[in-house]
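Protein chains in written order, with our numbering: chain U, 3 to 434; chain C, 3 to 280; chain Z, 1082 to 1393.
Don't read these hints as lab results, they were simulated from the structure. These numbers were taken from a predicted model, which means no experiment stands behind them. C-beta: ideal position from N, C-alpha, C; glycine also. Among the hints, erroneous ones may be present.
Unchecked claim - Stretch by stretch, here's where chain U covers chain Z in the computed footprint (C-beta under 8 Å, at least three residues):
1. 1242-1254
2. 1351-1358
Stated by the list, open to error - Subject to a maximum C-alpha distance of 16 Å in a straight line, what follows is the list of computed EDC-like cross-link-like pairs (lysine to aspartate or glutamate):
3. U:K50 - U:D386
4. U:K270 - C:E225
5. U:K50 - C:D48
6. U:K66 - U:D338
7. U:K53 - U:D375
8. U:K61 - U:D76
9. U:K88 - C:D65
10. U:K50 - U:D33
11. U:K270 - C:D48
12. U:K272 - C:D48
13. U:K272 - Z:D1241
14. U:K119 - U:D419
15. U:K236 - U:D419
16. U:K295 - U:D375
17. U:K236 - U:D421
18. U:K270 - U:D292
19. U:K385 - U:D312
20. U:K272 - U:D297
21. U:K314 - U:D386
22. U:K425 - U:D292
23. U:K310 - U:D233
24. U:K50 - C:D65
25. U:K88 - U:D33
26. U:K53 - C:E225
For reference, the chains in residue letters:
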Amino acid sequence: MNTRTALAAGLAASAALALAGCGGKAPAAADRPENVIHVLVYGDATNKVEKQIVATYNKTATVKVVLDTIPGADYQQKLQTIINTKQAPDVFFNWGGGSIQPFVKANLLLPLDDMIKSDPGLKANFLPSVFNTAVVNGKSYGIPMRGTQPVLLFSNNKVLKEAGVTAPRTWDELLSTVRTLKSKNITPFALGGADQWPTLMWFEYLYDRVAGPDLFTKALNGDRSVWSSDDSRKALTMLRQLVDAGAFGTNFDSVKFTDGGSPALLSKGKAAFELMGSWEYSTLQEASPDFAKNDLGFTTFPTVSGGKGDPKNIVGNTNNFYSVLKNTRYPDAVRDFLKLQYSDEFVNAQLAIGNLPTTTNTEQFLGQAASPDYSRFQFNLVKDAPAFQLSWDQAYPPAAITPIHQAVQQFFNGSIDVDGFIKAMQALPPAA
Amino acid sequence: MSQGSATTGRPNYAAGAAATLWLLVVALPLWVLINATLKTRPDYTDSGPLAPPSHPTLQNYTDAVTSGFGRYLLNTLLVTGAVVGIVLVLVPPLAYAIVRGRSRATSTVFRVVLLGLAIPAQAVVVPVFYVISSAGLYDNLLGVILPTAAFALPVCTLVLSGAMRDITTDLYEAMAVDGASAARTFAQLVLPLSRGGLSTIVVFSALQAWNGFLFPLILTQSESTKVATLGLYNFQTQYGINVPGLLAAVVVSMIPVLIVYLFARRALIQGLMGVGGK
Amino acid sequence: MAQLTATAPSVTAPRRVRRPGGPNVGRPGIGWALPATAFFAAFAVAPLVLVAVLSMTTWSGLGPPQYAGFANWRTLLHDPVMRTSIWLSLVLTALGVVAQTPLSVLIGVWAAGPQRNRAVLSAVYFVPLLLSSAAISVLWRALLDPNFGVPAQMQWLFGDGNLFGHRSTAIAVLVFVSTWQFTPFHTLIYQGAARNIPQVLYDAARIDGAGRVRQFFSITLPQLKNAFITSVILMVVGGLTTFDTVLILTQGGPGTDTTITAYYMYEKAFKGFDFGTGSAIALVLVVASTLISLVLVRATGYDKMRSELEGL
Chain U
3 MNTRTALAAG LAASAALALA GCGGKAPAAA DRPENVIHVL VYGDATNKVE KQIVATYNKT
63 ATVKVVLDTI PGADYQQKLQ TIINTKQAPD VFFNWGGGSI QPFVKANLLL PLDDMIKSDP
123 GLKANFLPSV FNTAVVNGKS YGIPMRGTQP VLLFSNNKVL KEAGVTAPRT WDELLSTVRT
183 LKSKNITPFA LGGADQWPTL MWFEYLYDRV AGPDLFTKAL NGDRSVWSSD DSRKALTMLR
243 QLVDAGAFGT NFDSVKFTDG GSPALLSKGK AAFELMGSWE YSTLQEASPD FAKNDLGFTT
303 FPTVSGGKGD PKNIVGNTNN FYSVLKNTRY PDAVRDFLKL QYSDEFVNAQ LAIGNLPTTT
363 NTEQFLGQAA SPDYSRFQFN LVKDAPAFQL SWDQAYPPAA ITPIHQAVQQ FFNGSIDVDG
423 FIKAMQALPP AA
Chain C
3 MSQGSATTGR PNYAAGAAAT LWLLVVALPL WVLINATLKT RPDYTDSGPL APPSHPTLQN
63 YTDAVTSGFG RYLLNTLLVT GAVVGIVLVL VPPLAYAIVR GRSRATSTVF RVVLLGLAIP
123 AQAVVVPVFY VISSAGLYDN LLGVILPTAA FALPVCTLVL SGAMRDITTD LYEAMAVDGA
183 SAARTFAQLV LPLSRGGLST IVVFSALQAW NGFLFPLILT QSESTKVATL GLYNFQTQYG
243 INVPGLLAAV VVSMIPVLIV YLFARRALIQ GLMGVGGK
Chain Z
1082 MAQLTATAPS VTAPRRVRRP GGPNVGRPGI GWALPATAFF AAFAVAPLVL VAVLSMTTWS
1142 GLGPPQYAGF ANWRTLLHDP VMRTSIWLSL VLTALGVVAQ TPLSVLIGVW AAGPQRNRAV
1202 LSAVYFVPLL LSSAAISVLW RALLDPNFGV PAQMQWLFGD GNLFGHRSTA IAVLVFVSTW
1262 QFTPFHTLIY QGAARNIPQV LYDAARIDGA GRVRQFFSIT LPQLKNAFIT SVILMVVGGL
1322 TTFDTVLILT QGGPGTDTTI TAYYMYEKAF KGFDFGTGSA IALVLVVAST LISLVLVRAT
1382 GYDKMRSELE GL
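Next comes chain U alone, as it looks inside the complex (with noise of 0.2 Å):
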C-alpha cells in the first residue's frame, strides 16, 4: 500500500462519517436515549441550585434527569452544534429572545402551549414581563428558571457624601453631578468598558428613555430606518455628550467588570456610581463584604425630559429559560419537571444564592432573602414595570452579539461617530 493509497482512504472514510451527519436531518423521538431526559446549563458556580432541583426531581421520578453542565465560553456554539444530532439535550438553558429564534427557525423547539393547557400554572405562576421573552411569533418556547437582572444604578454611598452630591434623579443632574465629581477627582462612573457589555447598558437605558421601547422593538422586526430617526440620533448625542465630559474617566476599555475590575472603583471609592445589572449586589458582597453592607446603594435610572419612554422602564435581563427540543421522547417528565421551576423550594433555593426569580409566589418568600431590602426593591421594580426592555445583545440573534459590542466600544471610545454607529446597527441580522 502505498501513500497515497493510505491516504486516500484515510480521507475517503472520515469525509463519509462526516457528510453522512452533517447537518441532516434530526433524530426522531423513538431514537432519543432510553429512560432519560438530559438537561443542559450553562456551568457556573450557580449550578447548585439546578443540581438541586434535579435531585428533587429524581427522586419521585421513573424518566430521570441527567444534568449536563457546559462551560460558559461558547455555550451557544457548542449548543448548535449537538442541537441538530443525537446529543442533543431534551431540555436547555438558554436567554430567549434572539439566542434561540435561531432555533425556532429551523423547527427543533418544541411550543409549550400544550403543556401549559395541561398545567396552566407552567405560564400564570411567572411575571408576564419575563414570560413573554420566550415567546416567539405569539407560541412560548421557554419557562423561567434563574433569576432577573434588571440594570440598577448602584453607588458608593460614603464617596456621595463626601463629594456633596445625590444619586441623580434626572438627566440634567446627572451631567451636573458629574461635573461636580471630576472637579472632586472622582470618576464619575465606573465603567468595565473591556467587557462590552457594560457599555451597551447605557445605550439601553438611554434609548429607552429618550424614545421608549418601541423604536428598539421595530428596528428588531426590520425596521432599520428607526436607527437614524431624530430620537435616535438624540439619545447617541447625548451619550456622546456624557464620555466627553470625563463621565467614565479615560482607561474604561482597559477596565474589566468580570474579574472585579470596575466593582473594585466603586467599593475603593475611586468612582462613585456603576451601572450594572442585579448581580453586582452579590458581587460586591462577595468581594468587598463591608462595603456591600454599609456603603452601598441602588436605584433607578434617572429620567430625561421630554422623553417617550416611561420612567417606570427597565432594561436588562429578564431571566434564563429552559426550552425543549421538538423530538424529546418524554414530554410528560418533561412538563413535570418544569412545574418544579415555580416550586417553593425552587424560590427559596434561588433567593438564598442571590437571584431574584420571578415567580409569583416569590413575593412570600422576600423576607427570607439573602438581602430583604433589595430584593424588594427589585421586584417591585420588575412587577411595576410598564416594560422591561431584554437586554439589545440578547434580544438579537446570537450573531449579532459581536457586530453590537464592537459598535459601542468604537462609539464610546471615539472610533466611530453617531453616524458610524447608526450604519453599525442597520446592518445587523434582523430577529424576524
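With the hints as your guide, set chains C and Z onto chain U.
For chains C and Z alone, kept in the frame of chain U given last:
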C-alpha cells in the same frame, strides 16, 4: 557538552544578568498567581493583585480540591497519558521515515506534515465533531484523545525530525555496513540518540493534551468526562470570576505537568550525557 | 568516528548478512510513515476537505448547508476588516519572531549548560508554558489592570494605563504576553540542539584563542541552524493560524483593532455562526501558512535532511 563558561572558566556575568532580568519578567505573573490563591476574595479586592495577603488562607486550595476537581484531574491525566502514548508510538517512525527515507513518498509526507501544522483546530472542530459523533465516540474520553493526538502530530514530528537530522550519515553508514536493517538502525542508533527530541515531544504533547480546551468543550458533555480546563468554569459565573478560587484550581492542575516536565528534563540531560565524546 | 569506519569491516565481516544491495539498504520505507499519516489524515486532513467544501456554502450549523458558490469569497475580498486582519497578522507574527528568537536562543544555550542553578531557573522559566489559557488571561488582565495593577503603580511609564484601549499598546501587550508564554517552548528546541554541539569544536576554538563571544557566533549559532528553522517555522505558522493570546487578552479589540485573521475566522464561525465565511478564511490561512513554510524549507535546504555535524 557545555558552553563558554565551562571552557573559559570565568563566570558569565552578562548571561547571569540577562537571566536574572528574564527571571523577574517570568516570575512576576507567577507571584501574582501564588499570591492571589492565598487571599480571600475580599482580601484580593482590597489589596489588589500585587500586594501580599493581609490574612493568608488556604481555603481556596481546599475549595479547589473538594469541588470535584479530583475527578477532572483524573480525566485530564487519562487523556494526557493516552495522547503522549499515541504520539510516542506514531511520531518516531514517521520522523525516521522523513529524515532517512529516500522515496518520493516520504518527502510528500513531510509536506503533508507542514500542511498539518497550518490547520487551525477551530476551523475543523465542527467537522471533527461529526466524525467523532458518527463513530459513536461523543462524550467519551477516547473521542477527545484521538483528535488531540492527531493535532499534536505535526509539531512533534517537526521537532523530532529536527533532532534526528542531527545524527550524522557516517553513523548510519556504520550501521549499514554492519548489515543493519531499517528496524535495527532505528532501535539501536536512532532512538537512543534522539532521546532529547523524544523527551521534548513528550513534554509538548503532554502540554497540548493537558491544557486542551476546545476539543473537550465540543466533544464532551457530562460530569464524568469533564476535564480540568472545563472544570475551571466552576469558579466563574456569567458575570464574574472568583479570581483566587480559579487560580487555586489552576495551581492544583499545574502540579502534575510540572512533575512531568522535571522528569523529562532529567531525561533530556541524562540522555544526552550518554552521547558524550562526540 | 573515523576509527569506527576503519575497523568495521574486519570486525563484522564474518557476521555480515546477505541483503539486497544498493543505497537504500537499511532505509525506512513509506510503511514507517503510514500509521501516523493515516491517523492524521482521518482527523485533520479529512475535516480540512470538509472545510474547503463548506467555504462554498452558507451554513449556520443548523440545518443542511446551502450551496453559495463564491459568494463568501467575494465578500471577503471586499471586507476591510479582513484586509486589516492580514496586515495585523503579519505585524504580530513578525514582531513575535523578532522578540522570541534572540531570547530563546540565548536562554536555550544558557540552559544547556550543566550548572545546577541553571536547572532550577530553567524550571521556573518553563512555568508559563504550563498555564492554561484561562489562567494566563486572568493573570495578565489582573497585572495590567489600569487602576490596581502594575500600570497603577508606575503611572510615570504607563500614563492612565489604558493599554487595551489603543491599537498600538494592545499590540505591544499581545507581543509581550505571547513572548512570555511561548519562549519556553522554543527554548527547549534550542536547548536540545545546543546540547548536541560537540565539545571538540569549542576546545579547538579555545586553542585558537577565540573568546566566549567569538565562540558563540562562529560555533554555537551555525550549529543551531536546524533548530532555528524548526523554531521559525513553528513561530510563523503558529503566529498566523493561532489566536489564543488575542482571544484571552483583547478579544480582537478595542473594536476590531487587534482582530488578526485567525481570530476573525473564529469570530465568524463561532460567534457569527457563519461557517461558510469562517471556512473560507481558514482555507486562506492554511494555504498561506503552508506555502510560507514550504518556501522557508526549500530556501534553507532544510528538506535535504542534512545534519550540521556532517564532516566532523
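Outcome of the hint check:
Remark: the region 1242-1254 of chain Z is confirmed as covered by chain U, as 5 of its residues place a Cβ nearer than 8 Å to a Cβ of that chain, reaching the required three. Interface restraint, the region 1351-1358 of chain Z with chain U: holds (5 residues with C-beta to C-beta distance below 8 Å; minimum three). As the CA atoms of K50 of chain U and D386 of chain U are separated by approximately 30 Å, the hinted pair breaks the 16 Å bound. This hinted pair does not check out: K270 of chain U and E225 of chain C have alpha carbons roughly 39 Å apart, beyond 16 Å.
Annotation: proposed proximity of K50 of chain U to D48 of chain C is violated, straight-line Cα distance about 28 Å (limit 16 Å). Using a Cα cut-off of 16 Å, the hinted pair K66 of chain U and D338 of chain U holds, with the two alpha carbons roughly 11 Å apart. Our distance criterion of 16 Å between C-alpha atoms is broken by K53 of chain U and D375 of chain U, whose separation comes to about 28 Å. With a C-alpha separation of about 32 Å, the suggested pair K61 of chain U and D76 of chain U falls outside the 16 Å cut-off, and the hint is violated.
Only pairs whose Cα atoms come within 16 Å are accepted, and K88 of chain U paired with D65 of chain C is rejected, the gap being roughly 35 Å. Restraint check for K50 of chain U and D33 of chain U: not satisfied, since their Cα atoms lie roughly 31 Å apart, outside the 16 Å limit. Between K270 of chain U and D48 of chain C, the direct Cα distance comes to roughly 8 Å. Compliance with the 16 Å bound is thereby established for this hinted pair. Between K272 of chain U and D48 of chain C the CA atoms are separated by roughly 13 Å; this keeps the pair inside 16 Å, and the hint holds.
Restraint check for K272 of chain U and D1241 of chain Z: the C-alpha separation of about 14 Å stays at or below 16 Å, so the hint holds. Between K119 of chain U and D419 of chain U the CA atoms are separated by roughly 50 Å; this puts the pair beyond 16 Å, and the hint is violated. Between K236 of chain U and D419 of chain U the alpha-carbon distance is near 13 Å, which keeps this suggested pair within the 16 Å criterion. At most 16 Å may separate the alpha-carbon atoms for a hinted pair to count; K295 of chain U and D375 of chain U meet this at roughly 12 Å.
Taken as a hint, the K236 of chain U and D421 of chain U pair is honoured in the structure, with Cα atoms around 12 Å apart against an allowance of 16 Å. Restraint check for K270 of chain U and D292 of chain U: the C-alpha separation of about 11 Å stays at or below 16 Å, so the hint holds. Taking the CA atoms of K385 of chain U and D312 of chain U, the gap is near 14 Å; set against the 16 Å cutoff, the hint holds. Between K272 of chain U and D297 of chain U the CA atoms are separated by roughly 14 Å; this keeps the pair inside 16 Å, and the hint holds.
Between K314 of chain U and D386 of chain U the CA atoms are separated by roughly 7 Å; this keeps the pair inside 16 Å, and the hint holds. With a CA separation close to 45 Å, the supplied pair K425 of chain U and D292 of chain U exceeds the 16 Å bound. Under the criterion of a C-alpha separation no larger than 16 Å, the hint pairing K310 of chain U with D233 of chain U is consistent with the structure, at around 9 Å. For the suggested pair K50 of chain U and D65 of chain C, the alpha carbons sit about 15 Å apart, so the restraint of at most 16 Å is met.
Annotation: proposed proximity of K88 of chain U to D33 of chain U holds, straight-line Cα distance about 8 Å (limit 16 Å). A threshold of 16 Å between alpha carbons decides the hint, and for K53 of chain U with E225 of chain C the separation of about 12 Å falls inside it, so the pair holds.
Violation of the numbered hints given earlier is confined to hints 3, 4, 5, 7, 8, 9, 10, 14, 22; the remaining hints are satisfied by the structure.
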